[in-house]
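Undergrad: Same order as they appear, the protein sequences are chains A and B. Its first residue numbered 1, the first sequence is counted upward by one per residue in our numbering. Its first residue numbered 1, the second sequence is counted upward by one per residue in our numbering.
These are computed hints drawn from the structure, not numbers from a lab. Don't take every hint at face value.
As the list claims (entries may be wrong) - One-sided and incomplete, this derived list gives chain A residues near chain B with beta-carbon spacing under 8 Å:
no.	residue
1	GLY17
2	ALA67
3	SER88
4	GLY101
5	ASN161
6	MET163
7	LEU164
8	THR167
Ideal placement from N, C-alpha and C gives every residue a C-beta, glycine not left out.
One-letter residues, chain by chain:
Number of protein chains: 2
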Amino acid sequence: MSGLVDTSDSPEPPRSGPRSMQVADQLRASILSGEIAQGERVNEAHLSVKLGVSRTPTRAALHALAAEGLLDYETNRGFTVRAYSSESISEAYEIRAVLEGLACRLAAARANTHDITARFEAALIAGDEVVTDFQNTPARMEAYRRANVAFHDAVITAAANQMLEDTLRLALARPATSLRNIVSFTENAVRRRHDDHHRIHEAIHAGDGWRAELLMREHVTSVKLVMSEELKPGRADR
Amino acid sequence: MSGLVDTSDSPEPPRSGPRSMQVADQLRASILSGEIAQGERVNEAHLSVKLGVSRTPTRAALHALAAEGLLDYETNRGFTVRAYSSESISEAYEIRAVLEGLACRLAAARANTHDITARFEAALIAGDEVVTDFQNTPARMEAYRRANVAFHDAVITAAANQMLEDTLRLALARPATSLRNIVSFTENAVRRRHDDHHRIHEAIHAGDGWRAELLMREHVTSVKLVMSEELKPGRADR
DNA sequence: TCGCCCAAAACTGTGCACAATTTATGATCT
DNA sequence: AGATCATAAATTGTGCACAGTTTTGGGCGA
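Modelling step: build the complete structure from the supplied sequences, incorporating the hints.
TA: Encoded structure:
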């Protein structure tokens with residue numbers, strides 16, 4: 001069980017599957033990039049001619065994105081792009097915090113299989129390499145991004161709860177909530193978050209479910225706070 | 001914002017909307033009643049002729065139910081009824097516990113509006129009436145069911161977090177997880193659960209988020225344990 | 001008899017035309 | 001002018017035919 005979130009780069013590799021999937025991918029990108037304004041109504045006919053397919057796969061794609069929470073749907077009134085305020089992004093992190101906390105508690109309650117331990121250690125070692133001799137370069141940032149995704153993937157795999165995985169995937173599908181969004185790539189911030197990962201794994205490995213849960217909740221909450229700070233208006237960096 | 005779960009009775013009032021919605025309702029009932037076996041593949045063509053509609057609304061309904069988590073979907077291979085073991089039901093309760101716990105914490109952090117307080121008190125008074133002069137009759141059980149739904153609805157409303165509401169609705173859409181399934185309608189069990197509700201509201205009203213969260217987690221977990229006990233094989237009651 | 005491969009059947013994906021509903025437009029009355 | 005209602009335009013819902021993929025079944029050879 002790999003990709004809880006996709007580990008690919010920004011230009012998504014155009015999926016080969018059915019057109020409806022391709023349309024969904026294109027649309028998702030358009031929404032996440034803000035190309036389509038929040039709250040805007042999406043017209044099936046216009047969209048289908050723009051993408052060069054008929055309305056049928058377009059409708060399928062729209063329903064799929066509605067299931068992901070990116071669109072709202074009303075009977076006989078079509079789809080609208082769901083609006084995500086900075087408050088709603090905080091709300092999404094709150095949900096991530098309790099769900100990933102639960103995942104840690106469940107993971108700790110299970111026997112440590114060799115496979116799971118190996119995945120944790122691979123993710124942690126990958127993170128160690130970024131932290132040791134830290135450099136703020138795009139390549140290192142991408143390496144840390146991958147290590148981060150690998151760690152959180154390992155947690156949800158170790159929890160072995162299919163419904164939790166589904167629920168969490170939905171929460172991560174929201175704009176600005178994805179694991180791929182690394183905030184604050186400074187040495188101190190990265191060291192701190194990576195140390196969190198080590199401690200969380202220690203607690204899971206030791207079977208201390210409550211400690212693992214609390215550590216993960218704190219970990220995600222601290223990321224939320226940093227994210228909220230960066231989203232505040234009046235910042236002109238980047 | 002009312003029905004997080006529907007408060008209607010077993011024979012769902014046949015919705016008047018588009019055919020695809022009607023089909024979805026019928027299918028949902030068929031799946032929840034076990035009429036369609038778990039793991040069974042669902043054939044679009046057969047289903048559409050059986051229900052007297054074309055394949056188009058049938059497909060829409062199937063995708064909708066897949067979004068609810070009742071069906072699995074694979075490209076070019078169609079839909080299958082998702083299997084829910086007793087373990088997965090426990091897993092669903094774990095998720096409910098942390099999500100409703102979060103809802104309580106958020107609710108406590110907000111100012112108590114008159115509207116919210118009124119909803120809580122209405123739900124609690126309705127429960128009081130069942131507990132006072134307890135009788136194990138279908139009518140009383142239905143009354144308690146409604147009071148229970150009203151209370152949990154009030155919590156999620158008070159949390160004022162749209163994404164949390166959506167996520168929770170998904171968790172409650174699973175078989176045997178719905179709030180409508182009242183387990184163990186004995187005097188002691190009902191008194192105990194109703195007392196939990198009172199204490200949770202006290203904590204929320206007092207602004208004690210952590211206490212409210214812990215109480216709700218314990219509340220849902222205790223229901224999970226009762227449910228797990230009832231689901232154990234070898235019980236011949238009812 | 002067992003396994004492999006290929007063709008046919010079954011099933012899902014897509015395009016397109018038409019029906020039903022919603023939204024926009026403008027004429028009429030006060 | 002402003003409101004109201006009927007009519008037209010736009011948009012979504014449904015039916016159906018055909019294309020692409022998967023699954024089934026049978027024939028062939030070892």
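Undergrad: If a hint holds in the structure, say so; if it does not, say that too.
TA: How the hints compare with the structure:
1. GLY17: It holds, given that the least Cβ distance between A/GLY17 and chain B is near 6 Å, below 8 Å.
2. ALA67: With a minimum Cβ separation of about 4 Å from chain B (threshold 8 Å), the hint on A/ALA67 holds.
3. SER88: Where the cut-off is 8 Å and the nearest Cβ of chain B is about 6 Å from A/SER88, the hint holds.
4. GLY101: Status holds, d = 7 Å.
5. ASN161: holds, 5 Å
6. MET163: holds, 5 Å
7. LEU164: holds, 6 Å
8. THR167: This hint holds: A/THR167 lies near chain B, its Cβ roughly 6 Å from the closest one there, short of 8 Å.
Violated hints for the displayed structure: none, as all numbered hints are satisfied.
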